[in-house]
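Visitor: The listed protein sequences derive, respectively, from chains A and B.
Residue 39 is where the first sequence starts when you use the numbering used here, and the numbers rise one by one after that.
Residue 89 is where the second sequence starts when you use the numbering used here, and the numbers rise one by one after that.
By construction, these hints were calculated from the structure, which means they are not laboratory data.
Check the hints yourself; a few may be wrong.
[To be verified] Computed from the model, here is a short list of chain A residues facing chain B with C-beta under 7 Å: (1) L71; (2) S73; (3) L76; (4) A77; (5) T89; (6) Q93; (7) R96; (8) I100.
[Said to hold, decoys possible] Simulated pairs of lysine to aspartate or glutamate, EDC-like, Cα-Cα distance not exceeding 20 Å: (9) A:K123 to B:D117; (10) A:K117 to B:D117; (11) A:K117 to B:E199; (12) A:K113 to B:E199; (13) A:K59 to A:E42; (14) A:K112 to B:E199; (15) A:K134 to B:E199; (16) B:K212 to A:D74; (17) A:K112 to B:E195; (18) B:K128 to A:E124.
Cβ coordinates follow ideal geometry from the N, Cα and C atoms, glycine included.
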Amino acid sequence: MKLEEVARVIDGKILIGEEKKDLEIDKAYAADLLSDVLALTEESTTLITGTVSPQVIRVAEILNIPAIIFVRGKKPTQKILDYAKEAGIPIIATNKTMFETCGILYSNGVRPCRNRPATNIHDDSRYCE
Amino acid sequence: MMIQDTVSETNKFRFVYLIKPRDFSNAGDASANVKAELQKHGIEPDVIRRVSIICFEAEMNIVLYTKGGKLIVEVDDQKVDILALDKGPGIEDIELVMTPGYSTAPEWALEYGFGAGMGLPNIKNNSDVFEIESEVGKGTIVHSIVYRRKNEIKGNN
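For reference, chain B alone in the conformation it holds in the complex:
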């Protein structure tokens, strides 16, 4: 699951998780691990909550809809930076998938509790900076930043 835990500088650390497609027995484990690690490092509870929600939604998106991918979480004094990358199939209409309630989840996913059409909107709502880029046939990149300082200017939310 976690493939790297590098402490390059004193106040910066990074976690990388490989996320397998359709792996429901382990789906959510990466996000649970992110939460535990952030708690261990004494990150602010509100930041942990928002980062955990972002990671869980991103992780589930990779499990449910893609050919697999990676979740990369980087923490420093100022912020938590979350990058979710996948190997496709990519999103045709980004505006549509950002609409609360819009879902392409297959019926079997509902059994597990997925398909509310709130995944990406939830990620955006919990982020200070939110970016999404996608290319059909290639993959999707979701980038999210949560600032640790309350007085930080909010991003393009």
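The following block holds chain A by itself, in its conformation from the complex:
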């Protein structure tokens, strides 16, 4: 679905990147911790997150993330928005929770990226504390 439709179905607001409203969003990944994002996100995967820090934009730049959705009513600072604008990454903000946002997008055809977990729960040899 298009960026504009994504914003509409999650009752969100496009804060940056109105000019990219026709951008196609077909894959997404949701996490608050950036190392999880760095470990598991593929190219062209939209990021759904409740973390608002300048480093989120840096991670998005590194991974060529096409768009970011900030959930739970989190408001990015002007500095974060400026970074995003500079990097050409559209930003949507929504009051919905991460779970709700994911559910709505999934039911509209957005799919997860390839799942490559850091550890395998079926392998008993490597549990962390």
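Since chain A is already given, all that's left is putting chain B on it; use the hints.
Guide: Quick look at chain B alone, frame taken from chain A:
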């Protein structure tokens, strides 16, 4: 931020960044700069992605956990060599910090999105060669190589 950009030989270049501790307004800038420079020099996209992830994780480790340090990136025809050095406090149990999910991040770091316990495992997973050395009270050296040639034999990964 970037303190040196030396082109010693025609096909070799090097970037050195000073990384300040707890500097969250600029944290990530060095890695973003590495990515931009590699793109400028026409490095392969897959190599750029892996190097950028390694640099970002290494840079954030220095910002979050150390008294400051340096990130040194050297590029030649064959490989990208990344060295992250810091001034301490050093790591007591390296095996433990290499365990995916293990984290010593303070609670405030979670607000910024850190503390997944995936930093060093992410560096290792993106490296062809990965080495870590640490001395408590002195500091830590993380050394990483990403080969630019696909047929290159993988290192001790």
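Visitor: For each hint, tell me whether it holds in the structure or not.
Guide: Right, here's what the structure says about each hint:
Satisfaction of the interface hint for A:L71 is found here, the shortest Cβ-Cβ separation to chain B being roughly 4 Å, below the 7 Å cut-off. The criterion of a C-beta within 7 Å of any C-beta in chain B is met by A:S73, whose closest approach is roughly 4 Å, and the hint holds. Residue-level restraint check for A:L76 holds (minimum Cβ-Cβ distance to chain B is 5 Å; threshold 7 Å). Checking A:A77 against chain B by beta carbon gives a least distance of about 5 Å; that is within 7 Å, so the hint holds.
Interface restraint check: A:T89 against chain B, minimum CB-CB distance 4 Å, threshold 7 Å, status holds. Residue-level restraint check for A:Q93 holds (minimum Cβ-Cβ distance to chain B is 5 Å; threshold 7 Å). The interface hint given for A:R96 holds, since its Cβ lies 3 Å from the closest Cβ of chain B, which is under the 7 Å cut-off. With 7 Å as the threshold, the beta carbon of A:I100 comes within range of chain B, its nearest partner Cβ sitting at about 4 Å, so the hint holds.
Under the criterion of a C-alpha separation no larger than 20 Å, the hint pairing A:K123 with B:D117 is consistent with the structure, at around 16 Å. Proximity of A:K117 to B:D117 is assessed by CA-CA distance (about 13 Å); at most 20 Å being required, the pair is judged to hold. Distance hint between A:K117 and B:E199 is fulfilled; the C-alpha atoms sit about 16 Å from each other, no more than 20 Å. For a cut-off of 20 Å, the pair hint linking A:K113 to B:E199 stands: about 13 Å separates their Cα positions.
For the proposed pair A:K59 and A:E42, the alpha carbon gap of about 5 Å is at most 20 Å, so the pair holds. For the given pair, A:K112 sits about 12 Å from B:E199 by alpha-carbon distance, which is consistent with the 20 Å threshold. Only pairs whose Cα atoms come within 20 Å are accepted, and A:K134 paired with B:E199 is accepted, the gap being roughly 19 Å. About 14 Å separates the Cα atoms of B:K212 and A:D74, which keeps this hinted pair within 20 Å; it holds.
Under the criterion of a C-alpha separation no larger than 20 Å, the hint pairing A:K112 with B:E195 is consistent with the structure, at around 19 Å. Restraint check: the Cα-Cα separation between B:K128 and A:E124 comes to about 17 Å, which is no more than 20 Å; the hinted pair holds.
Checked against the numbered hints given earlier, this structure breaks none of them.
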